[in-house]
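So the protein sequences, as listed, match chains A and B.
Each step along the first sequence adds one to the number in the working numbering, with nothing skipped, and position 69 is 69.
Each step along the second sequence adds one to the number in the working numbering, with nothing skipped, and position 25 is 25.
Some hints here could point you the wrong way.
[As the list claims (entries may be wrong)] Pairs of lysine-lysine residues, derived as DSS-like cross-links and limited to a Cα-Cα distance of at most 30 angstroms, are as follows: (1) B:K68 - A:K9; (2) A:K14 - B:K103; (3) B:K42 - A:K71; (4) A:K9 - A:K71; (5) B:K59 - B:K69; (6) A:K57 - A:K9; (7) A:K70 - B:K42; (8) B:K42 - A:K14; (9) A:K9 - B:K42; (10) B:K59 - A:K57.
Everything labelled a hint here was simulated from the structure, so no lab data went into it.
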Amino acid sequence: NAGVTQTPKFRVLKTGQSMTLLCAQDMNHEYMYWYRQDPGMGLRLIHYSVGEGTTAKGEVPDGYNVSRLKKQNFLLGLESAAPSQTSVYFCASSPRGQGSHEQYFGPGTRLTVT
Amino acid sequence: EDQVTQSPEALRLQEGESSSLNCSYTVSGLRGLFWYRQDPGKGPEFLFTLYSAGEEKEKERLKATLTKKESFLHITAPKPEDSATYLCAVQANQAGTALIFGKGTTLSVSS
Chain A
1 NAGVTQTPKF
11 RVLKTGQSMT
21 LLCAQDMNHE
31 YMYWYRQDPG
41 MGLRLIHYSV
51 GEGTTAKGEV
61 PDGYNVSRLK
71 KQNFLLGLES
81 AAPSQTSVYF
91 CASSPRGQGS
101 HEQYFGPGTR
111 LTVT
Chain B
1 EDQVTQSPEA
11 LRLQEGESSS
21 LNCSYTVSGL
31 RGLFWYRQDP
41 GKGPEFLFTL
51 YSAGEEKEKE
61 RLKATLTKKE
71 SFLHITAPKP
81 EDSATYLCAV
91 QANQAGTALI
101 FGKGTTLSVS
111 S
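The task is simple: from the sequences and hints, build the whole structure.
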């Protein structure tokens, strides 16, 4: 099993450009998440999905859109990139079930917006 | 407001020098508390889940404990390969599946 994979690993954008980050998981998990990690800020939730076709906003959703057309994929879109979106983006997934479940993270995408 | 605070921000140890990392939390009903390890340039790697006060879990040189207000990650006789950033996160009963992360403790172990 590859676990959680993310594409691309690195990307440089100019202000105003758009891009899509792809997350894929092969663990048959129901839940998927997008986080951003900035120095001194910790991991913050952008959007998440509790199942195919459903998405919800997290703590810092502005400037981002997401889609979950297939259970194994979760896409994060930036419509008009801004320097404030320079960050490392992590995707995670977890199974559904009673109680609390750990989230499994991908290797991250380092995005720089100039 | 649900909150997680980790201390210290950074910790330097000599190989074999045991110590503890602290995670203090304020949450409206704890569903679970998680510890992760993160190496530079990589994603967080799951270590432990704790559910209720008094619970303890161990893995090699690491032991995690939980009280009603905080969790400790005890590192016994650390080795240089234990150097990493350790993240604490909580899941609240009313927050759905979202995790709230602390800012982490960066541990450096020198030989």
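Taking the hints in turn, this is what the structure says about them:
Our distance criterion of 30 angstroms between C-alpha atoms is broken by B:K68 and A:K9, whose separation comes to about 39 angstroms. For the given pair, A:K14 sits about 29 angstroms from B:K103 by alpha-carbon distance, which is consistent with the 30 angstroms threshold. A hinted pair counts as satisfied when its Cα atoms are at most 30 angstroms apart, and B:K42 with A:K71 qualifies at roughly 24 angstroms. The suggested pairing of A:K9 with A:K71 holds, with an alpha-carbon distance near 22 angstroms, which does not exceed 30 angstroms.
Simply put, B:K59 and B:K69 have alpha-carbon atoms about 22 angstroms apart, close enough for the 30 angstroms limit, and the pair holds. Between the alpha carbons of A:K57 and A:K9 the distance comes to roughly 24 angstroms, so the proposed pair stays at or under 30 angstroms and holds. Simply put, A:K70 and B:K42 have alpha-carbon atoms about 26 angstroms apart, close enough for the 30 angstroms limit, and the pair holds. The hinted pair formed by B:K42 and A:K14 meets the criterion: a straight-line CA distance of about 25 angstroms does not exceed 30 angstroms.
For the suggested pair A:K9 and B:K42, the alpha carbons sit about 11 angstroms apart, so the restraint of at most 30 angstroms is met. Under the criterion of a C-alpha separation no larger than 30 angstroms, the hint pairing B:K59 with A:K57 is inconsistent with the structure, at around 35 angstroms.
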